[in-house]
Amino acid sequence: MTLFFLAPFLLAPLLPLLDRWFGNKAGWLIACVPILIGIYYGDLWWSLPAGEERTSVSWAWAPQLGLRLTLMIDGLGLFFVLLITAVGALVSIYASGYLAGHDRLGRFHAYMMFFMGAMLGIVLAGNLLTLYMCWELTSLASFLLIGFDNERREARAAATQALVTTAVGGLCLLAGFVLLGLAADSFELTDVLARKDAIQRHGSYPAIVVLVLIGAFTKSAQFPFHFWLPNAMEAPTPVSAYLHSATMVKAGIFLVARLTPALGGTPLWAGTLTTVGAVTMFVGAYLAFFEHDLKGVLAYLTINVLGTLMMLLGFGTPLAVQAAMVYLVAHALYKGALFLVAGIVDHATGTRDLRKMAGLIRRLPLTGAVALAAALSMAGVAPTFGYVAKEVFLDAVWHAPFVPILLTVVSVVSSILLVAGAGRVGIGPFFGRPTQDECDPPGMTMQVAPLVLAVAGVVTGLAPQTLMGPLLGPALEPIAGEPVKMYLTLWHGVGVPFVLSLVVLAAGIACYIVRGSLQRHLAGSLAVARWGPAKWYEWSLAGLYWVADWQTRMLQPGRLPRYVFVTSSVLLLLTIEEIVLRGGLREHYPGIDVRPHEAFAAVLIPAAALVAAASRSRLASVAALGVVGYGVAWLFSIFSAPDLAATQIVIESLTVILFVLAFARLPKYTLASSPRRRLRDALLAGAVGIVLTLLLLQATHEPHPPPISEWYVEHSVPAAHGRNIVNVILVDFRALDTLGEITVLATAAIGVWMLVRLSAQAPAKREGYE
Amino acid sequence: MKSLILQTATRYLFPLLVLYSVFLLVRGHHEPGGGFIGGLMAAAPIALCALAYDVDVARNLLPLRPIRLLALGLATAAGVSIGALFMGRPLLTGSWVELPMPGGGVLDLGTPLLFDLGIYLVVLGVVTQIIFSLATKSPLHWERDES
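Residue numbers (my numbering), protein chains in the order written: chain L, 1 to 770; chain X, 1001 to 1147.
Just so you know, the hints here were simulated from the structure itself, not pulled from any lab data. A hint or two may mislead.
[Unchecked claim] Here are the simulated SDA-like cross-link-like pairs (lysine to any residue), alpha carbons at most 25 Å apart as the crow flies:
no. : chain 1 : residue 1 : chain 2 : residue 2
1   : X       : LYS1002   : L       : LEU661
2   : X       : LYS1002   : L       : ARG680
3   : X       : LYS1002   : L       : LEU666
4   : X       : LYS1002   : L       : ALA207
5   : X       : LYS1002   : L       : ILE361
6   : L       : LYS668    : L       : PHE636
7   : L       : LYS196    : L       : ALA207
8   : X       : LYS1002   : L       : ALA620
9   : L       : LYS668    : L       : ARG680
[Said to hold, decoys possible] According to the in silico footprint, chain L covers these stretches of chain X (three or more CB under 8 Å from chain L):
no. : stretch
10  : 1002-1010
11  : 1025-1031
12  : 1057-1066
13  : 1070-1079
14  : 1116-1130
C-beta atoms are modelled at their ideal positions from N, C-alpha and C, and glycine is treated no differently.
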């Protein structure tokens, strides 16, 4: 299982090679990978002994943190695995045709494979932290794929927006997972799911729900985080079809479904999901109606469906859960097909503007048929699988556990707009009088995938229970927490759902026919959107940049005096704060026994320091600094620290040599600062000195636990074979610190090297580096 | 500024200082000394040469370029640290061998000495790198940055 989990990550870097050797045929080969993975997991699950629901493997990763690489497969996981691998296989074939001749096609395949690995990780994760890790990997893959055309500014901006939005949600999710893990006392999913009562009684339960749901909402583009998804349409179409409709945006849905047994069943959970889901459902459908970009319409309609799914999961009834999963499959089939069709149309006509397309079916007969079939499924027309899904959906809403009438109205209105949208993307471009004369027919590689998806959408509608039952049944059980009786059929009899369905269809068709005047009349309502969440995102990003800019100019101006000033002030303030918080310093300074030579050093060092600061000659300053240094070395040797003293002396000597080397090049020694600034610096320096002295006096007279140095003295020879404790500490007891220190030293040397190299450039050239 | 006295003195001091730096390095485990001070002490004769003769003379005295010395030292220290992992022990665990010496003494050799050697090389590399950077000949380009 681990091998198959790692396979996509290991194979991804090899795909560019494959692409070089096999060219456009590579897509077919690459498609074998998801197919094999799907077959493996399917076989793994279906060959489990009867009565067992799941199997898992686990690796200790950082067990102290509760982090284990646990993989678990159950009915829900398998359902998503098959969705991911099936669509993944089709899309990689399609992508070979769509991006044929693109010089980075290999890299594209690699990103897609990487994404697939991460996405499979989400649905197979058996540990909260494993899940989180894969969750963030999919965000990363999404960033790379949206920004695939990185020469275009819009693509880069959209990629960043998607990354920032989902990463903010991801961080909330991490916080939620940590709290959840603490509440459940384990990060293993099986434990978490089994400890529902403990979690829901825990004080942090509301925080857990809110944080986890923010994570799910950002990923699944729920209102008010929905704005990134339409912009993500900058990505190449296969990405839109795969990540931003079939799989990645379903990760939030999956997460909610996965955690329902542990977190669900409370008013907070159900209320939030239902409200946000219903609002998203309506907003998505409404905005889609005014969009004219083919992919944009599809993106908004995807938001609509994601909202629907969230809402259904919020109900939590077995019927609603079943409706959610059925709807999810139907959506993956028809929306995948429509996205791929959109790519073909874009390729063939060079435009994605719905107002400029008509009558394409004469040029693209097969594509037109596929689009029609998918649109019918989307509109919920019998006998497609979309019809089955819509019936269950309306049934579930009608039987919603709370405010069923209101929810039914919202759902019906959204569905009407959805039907109109189906007409606009599936029928509008293909019928009527042709507007385009030129049209490049697509190759076979691009035709296969949408055809398969559309045919599947129709065939599964004809025999839903036989074809989808064995897959959907086991998927429902982990969500509902009990075996769910499911029976899907094309003909439900004349009930409320059927009537609602007919109403929706009729109103939707009417809406489609009068779409032009409706759009004109309602266009004013879009003004609200201009102050919507997308604007909030812009504002908060601008604010963040402003703060970052301000604090960098404040703290990192590139001038040494400022750095010293900031560092000393912070040191001073924090120390004073701590002293005040602890109720001040106690005054007991017993007479300190000072010997004459110590007193001499104590006078000499500060005096030399004063000379260094006050002198008008650089040479005198340097010499005075040298006196300070040697004085400190002397102190070290008085207090029996010969290692330190020797090192200090060598350092001082080398510093003198460095000064000599640099002397000729230093500018004229002038007073660079104003008297006021000098006064300020002097006061600050004096204050730091006084506070540290007081602190030191206090520290030496505080009772403290036996110092660790005795332990070192005892263990130095037996454990580390050395009598020089200072050195033993450096190279043995605390060698890790030393390793870090020499790394810093090396980095600093490289820094000096680069700095001198840059300064050595001619001034005109130097501008470019600043 | 070429001083004959300094040049002559450097000729005599150079080997002594180098030897002394090695002495400091190897005695460090038992007596005052060690990689840090040894490395500093090794950089001193190089600096002296740079002053008395020329930077290029000093540069040619080093077996490797400073940046390579630095890399070598860091690699040695890191290698020693990781080495313990391959013997199934925690990072940085020291290993020791006791070699009997003629005359009844025992030479205690361990990986911390190698680690110290890494420190020695890094410090030598850092100091000489800084010295050479500052002493590079092209004072014309060293105009004051007025801003």
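Quick rundown of the hints versus the structure:
Between LYS1002(X) and LEU661(L), the direct Cα distance comes to roughly 13 Å. Compliance with the 25 Å bound is thereby established for this hinted pair. As the CA atoms of LYS1002(X) and ARG680(L) are separated by approximately 44 Å, the hinted pair breaks the 25 Å bound. Proximity of LYS1002(X) to LEU666(L) is assessed by CA-CA distance (about 21 Å); at most 25 Å being required, the pair is judged to hold. With a C-alpha separation of about 75 Å, the suggested pair LYS1002(X) and ALA207(L) falls outside the 25 Å cut-off, and the hint is violated.
Restraint check for LYS1002(X) and ILE361(L): not satisfied, since their Cα atoms lie roughly 91 Å apart, outside the 25 Å limit. Among the hinted pairs, LYS668(L) with PHE636(L) is inconsistent with the structure: their alpha-carbon atoms are about 35 Å apart, more than 25 Å. A hinted pair counts as satisfied when its Cα atoms are at most 25 Å apart, and LYS196(L) with ALA207(L) qualifies at roughly 15 Å. For the hint linking LYS1002(X) to ALA620(L), the alpha-carbon distance of about 23 Å falls within 25 Å, and the restraint holds.
Under the criterion of a C-alpha separation no larger than 25 Å, the hint pairing LYS668(L) with ARG680(L) is consistent with the structure, at around 24 Å. Residues of the stretch 1002-1010 of chain X lying with their CB closer than 8 Å to a CB of chain L number 0, which falls below the three-residue condition for coverage. Under the rule that three or more residues need a Cβ within less than 8 Å of chain L, the assignment of the stretch 1025-1031 of chain X holds, with 4 such residues. Residues of the stretch 1057-1066 of chain X lying with their CB closer than 8 Å to a CB of chain L number 1, which falls below the three-residue condition for coverage.
Counting residues of the stretch 1070-1079 of chain X whose CB lies closer than 8 Å to any CB of chain L gives 6, which reaches the minimum of 3, so the coverage claim holds. Counting residues of the stretch 1116-1130 of chain X whose beta carbon lies closer than 8 Å to any beta carbon of chain L gives 10, which reaches the threshold of three, so the coverage claim holds.
Comparing the model with each numbered hint stated earlier shows that hints 2, 4, 5, 6, 10 and 12 do not hold.
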